[in-house]
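K.L.:
One letter stands for each residue in the lines below.
Number of protein chains: 2
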Amino acid sequence: MPRLIVDVMPKPEILDPQGKAVLGALGRLDFEQITSVRQGKRFELEVEGEVTSEVLERVREAATELLSNPVIEDVVSVRVEEEQA
Amino acid sequence: MPRLIVDVMPKPEILDPQGKAVLGALGRLDFEQITSVRQGKRFELEVEGEVTSEVLERVREAATELLSNPVIEDVVSVRVEEEQA
Chain Z
-12 MPRLIVDVMP KPEILDPQGK AVLGALGRLD FEQITSVRQG KRFELEVEGE VTSEVLERVR
48 EAATELLSNP VIEDVVSVRV EEEQA
Chain U
-12 MPRLIVDVMP KPEILDPQGK AVLGALGRLD FEQITSVRQG KRFELEVEGE VTSEVLERVR
48 EAATELLSNP VIEDVVSVRV EEEQA
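Here the protein sequences come in this chain order: Z and U.
Numbering follows my numbering, with no gaps: position 63 of the first sequence is 50.
Numbering follows my numbering, with no gaps: position 19 of the second sequence is 6.
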């Protein structure tokens, strides 16, 4: 069964307190090379039947309507990921 | 500046109430074709300097230690994403 991956991230201009907290913790563990962290959401959707362009478009709609908050988040990608055998 | 993407998902055997809630909502909006939803986290890390295999290994360690809860989550991927021009 094909699996769709939807990635949702906070809009660049939005303050990301979780990302800042992680950055601070990374610094305390000597991960100096990491200069910024942003945290978003990743969804794995299993889809019945073939993934046509219409299905992808519908999932993109669902992602904007349901999986993200368009005021503060962007749907950065919707892609098909073949099931690992 | 290269950007690393870290994807963290709940372990397959772990109950995912958020995923279930989203699935229910999708059903009410006639997205019948979607049969399961799992929700995880996506991190974007900006890294200073070159991304060597050592750096990738260190980030994988940080992902396991800090970005995920190894009891209920798996780090499913750590990859380099070139900045969009």
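Incorrect hints may have been included.
Same chains, same label: a pair holds when it works inside one copy or across any pair of copies.
[Stated by the list, open to error] Calculated lysine to aspartate or glutamate pairs in the EDC-like style (CA-CA distance at most 20 Å, straight line):
#1 Lys28 - Glu60
#2 Lys(-2) - Glu19
#3 Lys(-2) - Glu48
#4 Lys28 - Asp3
#5 Lys28 - Asp61
#6 Lys28 - Glu52
#7 Lys28 - Glu68
#8 Lys(-2) - Asp17
#9 Lys28 - Glu41
#10 Lys(-2) - Glu41
The hints are simulated quantities; they were obtained by calculation from the structure and are not laboratory data.
Since the structure is predicted, the reported quantities are computational estimates derived from the model, not experimental observations.
K.L.:
Taking the hints in turn, state whether each one holds.
P.N.:
To see whether the hints hold, each was checked on the structure:
1. Lys28 - Glu60: both (10 Å within a copy, 14 Å between copies)
2. Lys(-2) - Glu19: neither (25 Å within a copy, 29 Å between copies)
3. Lys(-2) - Glu48: Within one copy only: 18 Å inside, 27 Å across.
4. Lys28 - Asp3: Both: 13 Å inside a chain and 14 Å across chains, each within 20 Å.
5. Lys28 - Asp61: Classified as both: same-chain Cα gap 10 Å, cross-chain 14 Å, threshold 20 Å.
6. Lys28 - Glu52: both (15 Å within a copy, 19 Å between copies)
7. Lys28 - Glu68: Both: 16 Å inside a chain and 17 Å across chains, each within 20 Å.
8. Lys(-2) - Asp17: Neither. Shortest intra-copy (28 Å) and inter-copy (28 Å) distances fail the 20 Å Cα cut-off.
9. Lys28 - Glu41: neither (24 Å within a copy, 27 Å between copies)
10. Lys(-2) - Glu41: Cα proximity of Lys(-2) and Glu41: none, with 26 Å in one copy and 30 Å across.
In this structure, the hints that do not hold are numbers 2, 8, 9 and 10, in rising order.
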